[in-house]
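Colleague: Produce the complete structure using the sequences and hints provided.
Just so you know, the sequences run in chain order W and P. For the first sequence, our numbering assigns the number 1 to the initial residue and increments by one for each residue that follows. For the second sequence, our numbering assigns the number 1001 to the initial residue and increments by one for each residue that follows.
No incorrect hints appear here.
Here are the simulated DSSO-like pairs of lysine-lysine, each with C-alpha atoms no more than 27 Å apart in a straight line:
1) W:Lys583 to W:Lys416
2) W:Lys423 to W:Lys565
3) W:Lys195 to W:Lys588
4) W:Lys583 to W:Lys491
5) W:Lys85 to W:Lys535
6) W:Lys636 to P:Lys1102
7) P:Lys1102 to W:Lys638
8) W:Lys644 to P:Lys1102
Read the hints as simulated data drawn from the structure, not as lab findings.
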Amino acid sequence: MMNDFLQIPLLQILPAGKGSALALLLIPLLPLAGFLLLGIFGRKHIKNASGVISTGLLVVSASLSLYTAYSYFFDYGKVDGVYQKFIAVQYTWLQFSPGVSIDMGILLDPISVMMLVVVSFISLMVHIYSLGYMKGEERFATYYAFLGLFTFSMLGLVVASNLFQLYIFWELVGVSSFLLIGFYYNKPSAVAACKKAFIVTRFADLGFLIGILILSFHAETLDFNTLIQRLTIDGSHQLHTANTSMFLGASALTWGAILIFIGGAGKSAMFPLHIWLPDAMEGPTPVSALIHAATMVVAGVYLVARMYPVFSMSNGAMHVVTIVGIFSALFAAVIACTQTDIKRILAYSTMSQIGFMMFALGVSGENLFEGSLNYSNLGAGYTGSMFHLFTHAIFKALLFLGAGSVIHFIHSNDIKDMGGLRKYLPVTHITFLIACLAISGVPPFAGFFSKEEIMLAAWQHDKMVYYIALFTSGLTAFYMFRLYFSIFWNKGAIVHGEHHGEGGFAMMLPLILLAVGAITAGFIPFGNFITADGKPLPAEFHWQFSIAPVAMALSGIFSALWLYKNENNKPAAIVKTFDGFYKVVYNKFYIDELYLFITKKVLFNLVGRPAAWFDKNIVNGLVNGAGNTTLFISEKIKGFQSGKVQQYAIYFLAGVISLVVLFIYIWHPV
Amino acid sequence: MEPGLNQLLFISTALFFIGVFGFFTRRNLITMLMSIELVLNSVNLNFIAFNKYLWPNKMDGLFFSIFIIAIAASEAAVAIAIIINLYRSHHSIDVSTAEEMKF
Chain W
1 MMNDFLQIPL
11 LQILPAGKGS
21 ALALLLIPLL
31 PLAGFLLLGI
41 FGRKHIKNAS
51 GVISTGLLVV
61 SASLSLYTAY
71 SYFFDYGKVD
81 GVYQKFIAVQ
91 YTWLQFSPGV
101 SIDMGILLDP
111 ISVMMLVVVS
121 FISLMVHIYS
131 LGYMKGEERF
141 ATYYAFLGLF
151 TFSMLGLVVA
161 SNLFQLYIFW
171 ELVGVSSFLL
181 IGFYYNKPSA
191 VAACKKAFIV
201 TRFADLGFLI
211 GILILSFHAE
221 TLDFNTLIQR
231 LTIDGSHQLH
241 TANTSMFLGA
251 SALTWGAILI
261 FIGGAGKSAM
271 FPLHIWLPDA
281 MEGPTPVSAL
291 IHAATMVVAG
301 VYLVARMYPV
311 FSMSNGAMHV
321 VTIVGIFSAL
331 FAAVIACTQT
341 DIKRILAYST
351 MSQIGFMMFA
361 LGVSGENLFE
371 GSLNYSNLGA
381 GYTGSMFHLF
391 THAIFKALLF
401 LGAGSVIHFI
411 HSNDIKDMGG
421 LRKYLPVTHI
431 TFLIACLAIS
441 GVPPFAGFFS
451 KEEIMLAAWQ
461 HDKMVYYIAL
471 FTSGLTAFYM
481 FRLYFSIFWN
491 KGAIVHGEHH
501 GEGGFAMMLP
511 LILLAVGAIT
521 AGFIPFGNFI
531 TADGKPLPAE
541 FHWQFSIAPV
551 AMALSGIFSA
561 LWLYKNENNK
571 PAAIVKTFDG
581 FYKVVYNKFY
591 IDELYLFITK
601 KVLFNLVGRP
611 AAWFDKNIVN
621 GLVNGAGNTT
631 LFISEKIKGF
641 QSGKVQQYAI
651 YFLAGVISLV
661 VLFIYIWHPV
Chain P
1001 MEPGLNQLLF
1011 ISTALFFIGV
1021 FGFFTRRNLI
1031 TMLMSIELVL
1041 NSVNLNFIAF
1051 NKYLWPNKMD
1061 GLFFSIFIIA
1071 IAASEAAVAI
1081 AIIINLYRSH
1091 HSIDVSTAEE
1101 MKF
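Modeller: If you want it as structure tokens, here you go:
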């Protein structure tokens, strides 16, 4: 099982004089400070300044992240040509026994540093954008407080140095996501959506927790570096026990990895735990951009990448990751082609792209299939996945912020209400087009490079996965351009209400910055920085794998152009041809209904009602019975306490006499 | 004629039961107090009688009597204080009027 690329560089403490632990601590703590400040004083005292305050804090935080990334990648991170893992800060929080403790720490390695930049940068963009988008909102300060809480939790999650810390922040991002989805709490649909998101992800987190317990039980530690080392080095007794203790035909290692993946799948909206993501679009649009597109939903991918060496020890777990990833990618892309709510289309597109990242991780393990003997690119999927995570964060945030501009302008989410907006929203139009080209994988935009890397990995691993991914990327281009043409071209503009233009500078600046990112991010030589083993990946550029995806993307774009550029009845005719299938897809394959059926009909009737009956009759019966018996007896004997002093005296006398009789005539002790 | 032990015990027993009877049947607190005194005095009489007829050369019984008299005096003081308080609150020293402390 053991491969060279699984060798983990030895853990090192941050070299003296290189990078400051305080600066690192400030990155997550500044948004936390913003949250506390605005949460306590925001509503009364600094309501109007709250946006500027927390944006200012985020500017500092983002600059520190960039500085950290720069100094890590170009200064101290690389030792002997291999990127090292550093524990920059370590604090023992709960010490259970000399060997077992829960720590709080900051772990620096290529992916955590990359995620620091992504999270703080996208969060900063969203903070700036919200200055314009949320202007005049009643709970403006609360909104920024929640954003601060989320940013803090997400940054804490990515730098977590052990599984338990990651789990704590994992739940914290869940809470902040819950709070932000339900931000418009007087809207019943938003309330339902936030509950749904919380319950579904909590359900998945149960799996995650059990996975943590299994893996840490076998590895006898929670710390990432130690855990990974113990579970991947050949001949370690921890690996031996984890591999040999079987349950239902799979080893403990496989079970642990799969359960952890379930947690990740819940957070990352993988099938069949995806149902919360489209509903989560009830939150404010900038929140969707930040949490439900760019950062939080990729936490599952990040988790798998973080535990990647452990996953790669188990073929079963890697298979599960691959299959769930590729299936979700295709499934969501098909649904996205039929939806009409702009944010829901983007939500399904997010799910589909995360599916790409997931299966890229899944296929980057050993080559298990015949005909793929090229071992030089082991771990290519890992790099591709992280690369796609990075570029996707940029262009998906851009898409959502652009959608926010459109919604801001037209006051509707439905693409049927839109059309011909290119004249009214020139900046949004251009940036949205760039983002669509990027997500479709058209060179030279960012998505092309990352997707090409994933395709390569898929090709080398399993042809079937490759073909599905190829088809899905064609669908991606189709539904993105269907959205684009429906918004900006198609029928003439129906502009009603006041003409407040495109939104101020605050809303345009993030769009432009992110568009620049979506154009240029692809040229970053990712393989040099982020690889499974820390060593640079040999830079390979396979034109033969680039041509097919690009051709698919272009055909998707042109069919969208043909169908949606101008108003016509071709789409309706196609719908008519595939009537039954279209209906199933439009209703999202009835997954929601299936869940409702399982919970409401099956679970409620088979578990809920018997449990309620047991509670009402048996449990309550016991408790009430005890009470009633006491009441009955006391009712009978309470007359003794009559208040009449002479009666008491008679009882007393009777007692004395009976004791005397007892001791003298009946009972003779000794 | 000098009374014998039997006569004294008879009187003391009679006093005891008169006291007990009075304590149980009277409603007037002062009468009840007086009944208790009767009971105590019957005990005194017992002590003295047994002292005199069984251990004539010892003084223990006499000492006990003196103790009981002292205790009876202090008990009477406490009881009368209670009675006065009861009178203040209920305007009566009838025990049947003070039955509030019940279930």
